[in-house]
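Put the two chains together into one complex, using the hints given.
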Amino acid sequence: AQSVTQLGSHVSVSEGALVLLRCNYSSSVPPYLFWYVQYPNQGLQLLLKYTSAATLVKGINGFEAEFKKSETSFHLTKPSAHMSDAAEYFCAVSEKGYQKVTFGTGTKLQVIP
Amino acid sequence: NAGVTQTPKFQVLKTGQSMTLQCAQDMNHEYMSWYRQDPGMGLRLIHYSVGAGITDQGEVPNGYNVSRSTTEDFPLRLLSAAPSQTSVYFCASTRDGNTEAFFGQGTRLTVV
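Sequences listed follow chains A and B, in order. Letter by letter, the first sequence follows residues 402 to 514 of this note's numbering. Letter by letter, the second sequence follows residues -16 to 95 of this note's numbering.
Isolated chain B, as found in the complex (with noise of 0.2 Å):
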């Protein structure tokens, strides 16, 4: 069982890059989401999917777009990448908002 794949595992990127965070999902699932983590803030949200074609904003979507052209992939991408993006993200699929959330591994993104 696959569950949700994230690459890459870890990025450094210069400040002004651009560049995209892949997840994958083989759950089936419709909702998927991506969150940052930072020290002593949590998970916060940063967008959301219902479904294929459906996406909306989290807590923090500023710097941040999203697609879901189907249901298996969502897509993080950084326009232009700046040192406060530095963080863990993270992607979460769940069969819909009230069940288990099922996370990828993570990528470390370093922008300097």
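Okay, chain A solo, but in the shape it has when bound (with noise of 0.2 Å):
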């Protein structure tokens, strides 16, 4: 069965500074993992997706995630946070030919100027 742990109900970082939101992952095959983003009182839109390519993947906004098998992570980063970074974000996994998307129970980030 798969599972997505994020680590870190809230995160606070200020202005500049770098975003480091973390995820993990259980899977008993190969994952596609996700990255999501929900602004206040609207609907999660994608940020960025890892579908077994490259182990790093660049989303928008400046974000990026890296995925270790190793570690079974898919930590979300963001050299320099801005003011407009402040929202909810979610990690979530899907296994190839199950149709099921599991999330994370999502990560606040605050940004502080």
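Calculated directly from the structure, the hints in this document are not laboratory data.
With a cut-off of at most 27 Å between alpha-carbon atoms, the simulated BS3-like pairs for lysine-lysine come out as follows: (1) A:K459 x A:K469; (2) A:K509 x A:K470; (3) A:K459 x A:K501; (4) B:K(-8) x A:K509; (5) A:K501 x A:K469; (6) B:K(-8) x A:K501.
Shown next, in the form of structure tokens:
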């Protein structure tokens, strides 16, 4: 069975500082991994996805994530936080041929001026 | 591009009332799903469908029914609303389970 664990329900960073949001997954087969962002009172939007091509995936708004099979991790990073990055971020996993997507519990990112 | 459209955006129900949350997509996606979002619990899958006429239960199906008579529409029915169903509901569609999910704007439901 697939599962996702996001460490830290709330993360605060200063504007201009590194953003690191952690995601670990469990999957019995090679996974597909996603990061989504949710702004207040909106639905989720895709930031980036890993589908077994390059292990370093670049997404929108300067975010990227690295797939590390040995650590079963898919952490999300951004070199320099911007005020507009304040939102909730969800990691998700699905398995090839398996139609369900499992979401993590989310991490709220606060950016301090 | 309409994408995924959910109606209504807000709803207040009394305990025991029934209602249907509507979801429609115009991307010809086969896979559609309903999630509920509660603080600290992320998104939990209620029901999903892999095509017209095919539905299955997700993680938290009790108290909800779905049907999929067309590719475009996937309504969620609450048969007898309970306060525990107070939540934000999201409908999503994907081409298949391994590609990007497109989400509606959500329905904020309060059951009193």
